[in-house]
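Trainee: Keeping the supplied structure of chain A fixed, place chain B upon it in accordance with the hints.
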Amino acid sequence: MFKSAASVERLANQLARLPGIGRKSASRLTFHILKMSKDEANDIAEAIKEVKEKVGFCTTCYNISESDPCFVCSDNRRNQEIICVVEDSSDAAAMDRAEGFNGMFHVLGGCLSPLDGIGPDDLKIKELMTRLKDDIKEVIIATNPDVEGEATAVYLSKLIKPMSIKVTRIARGLPVGSDLEYADSATLSRALEGRQEF
Amino acid sequence: MFASAFFIYTMHLDSLKLTSFRNFETLQLTPSAGINVLHGKNGSGKSNLLEAIFVLCLGRSQRGNKDGDIIKNEQDSYRVEGTMHDGDRSIEIAVAVMRRGRKQITINGVKSKALELYERFSVVAAGPEDSEILAGPPSVRRLFLNLYISQQSTKYLENITKYSRILSQKNAALKENIEFDSYNYLLAETGAKIIIARQLFLKTLNKSAGSFYSKFSNNGELDIKYKPSALEEIEFEVDESRIKEQFEARLNEVKEQEMILKTSIVGPHRDEIEFDINSFPARTHGSQGEWRSAAIALKLSVYELLKEKRGFSPILLLDEIFAELDESRSAAVIDSFNDLGQLFLTTALEPPARLAQKALYLNIDSGQVEVVR
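If you read the protein sequences in the order shown, they are chains A and B.
0 is the number of the first residue of the first sequence in numbering that gives the first Met the number 0; add one for each residue after it.
0 is the number of the first residue of the second sequence in numbering that gives the first Met the number 0; add one for each residue after it.
So that you can see chain A by itself, here it is in the shape it has in the complex (with noise of 0.2 Å):
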């Protein structure tokens, strides 16, 4: 077999590592490297490089960001009475991409699970509690819709209530611009238990 240098075999042993990214598209993705000027590799390597000096955890809402407090919890235009909660920072992102939110975020760092050995001490959960002491209105619960994710929009629940605060989950149902007939069941049914009237 080929045996390719050192530090092309390291190159691609580390793209390796990333998520989706199997053995084959590594090395694929390491020729295309070797075939950059030196300047376009250098500004992907740079990048990689920034991101990690310069990103670190917003102190109030834990997002990643690159100041502290974060572009959303120092932005007074927003709506600071509503907080959404989420998992991570990736659906944080997806969440302000949506028209119709205009609140806070609060990035749990992940879910509830004990198979995994994941309880609440080990999310941002204290930390949000201390939010909600300031004149929060609402907690929109925005945790993935699967058995971990309701177990942990479940307890947050059950902590936020007898606070007085309006707690709320995300809808869920069918994604717009489908397909009715391509929807899963278990999407449909929870679709149909979620209609509403005219």
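These are calculated hints, taken from the structure and not from any lab test.
Hints are supplied without guarantee of correctness; some may be wrong.
Counterexamples of contact, computed for chain B against chain A with all Cβ distances above 10 Å [claimed, not checked]:
1. 67
2. 141
3. 165
4. 216
5. 272
6. 328
Derived DEER-like restraints, expressed as beta-carbon distance ranges [claimed, not checked]:
7. A/173 / B/307: 47 to 53 Å
8. A/136 / B/255: 33 to 39 Å
9. B/167 / A/12: 33 to 39 Å
10. A/136 / B/205: 48 to 54 Å
Values in this document were obtained by computation on a predicted structure and should not be read as measured data.
The beta-carbon is built from N, C-alpha and C at its ideal position, and this holds for glycine as well.
Mentor: Chain B only, in chain A's frame:
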């Protein structure tokens, strides 16, 4: 006459191929769309062949075995492939399981969930191990409920899957001393749906199994009672929100006990069914013969129920059910299966005469199958 030509539509197995499945190294079979009689000595693998057909239809064994146990000794995986004929189309199915427990199901070459098999196909298996439903541990009775209610409603299958996921999270929380109230809430929510489905299923089953049993046993009486572990008493009228409330209240009552035992002690995973034969508990007072007749009555009722619900005849797998019946009784049992679709029947003895005429005869010997006539 059975095997009548008037069906809403038919579903049957066209071809079957096994690879390292139990005692079969490889095996290929092209069954008849009607009656198939599998003849062979004890230990020849007749029952294993029926099990393989069940696996192909639903992606799991009816025997409740762990998938890994089915793999032939010294092999790493098993594979069951087949073509199902469904009305006007052919569907290719493959179920493969590795020893480490990874299972892959494909339908027409596309990776699929077991749920899709339940949506498309239906199969009823009856055999000597069914006496366990009457006389064995409660887990056998719950498996019986789960296998056959899931074929009526895939919603039930989804709820069972969800429930067991919540349950394992809760048990892990109990072991790690993590707060578990939120799991109780979810267990009650999903569990209430399971309890209702079981209650309705058993109510229907009680009626029809009772009348079949009386036919097979000179007017004996069979009575089925559902004993949900989450409720003191289940009412005739079922109301989901009330059951959910009662179940959650019960979970709160046993909270401290569960914290000591570090496991969940209340809910559908601890449900029980009580069978009474002539007003006595079948498990303690029943005889072998009564258990077998009651088991056949149960499976017949399930078959009728599924046929009505699904609009087609499920594939029927009968394993040695005539071994202890005389010819007239065997005939009575066979006559009771109306609008028979495809039937697979194993026997070490000569099969009942009225079946033998129309059937495809297959002989099984040391892992090989041979068409006799």
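Trainee: Confirm or reject each hint.
Mentor: The hints, checked one at a time:
no.	hint	in the structure
1	67	holds, 21 Å
2	141	holds, 20 Å
3	165	violated, 5 Å
4	216	holds, 40 Å
5	272	holds, 27 Å
6	328	holds, 42 Å
7	A/173 / B/307: 47 to 53 Å	violated, 31 Å
8	A/136 / B/255: 33 to 39 Å	holds, 37 Å
9	B/167 / A/12: 33 to 39 Å	holds, 35 Å
10	A/136 / B/205: 48 to 54 Å	holds, 53 Å
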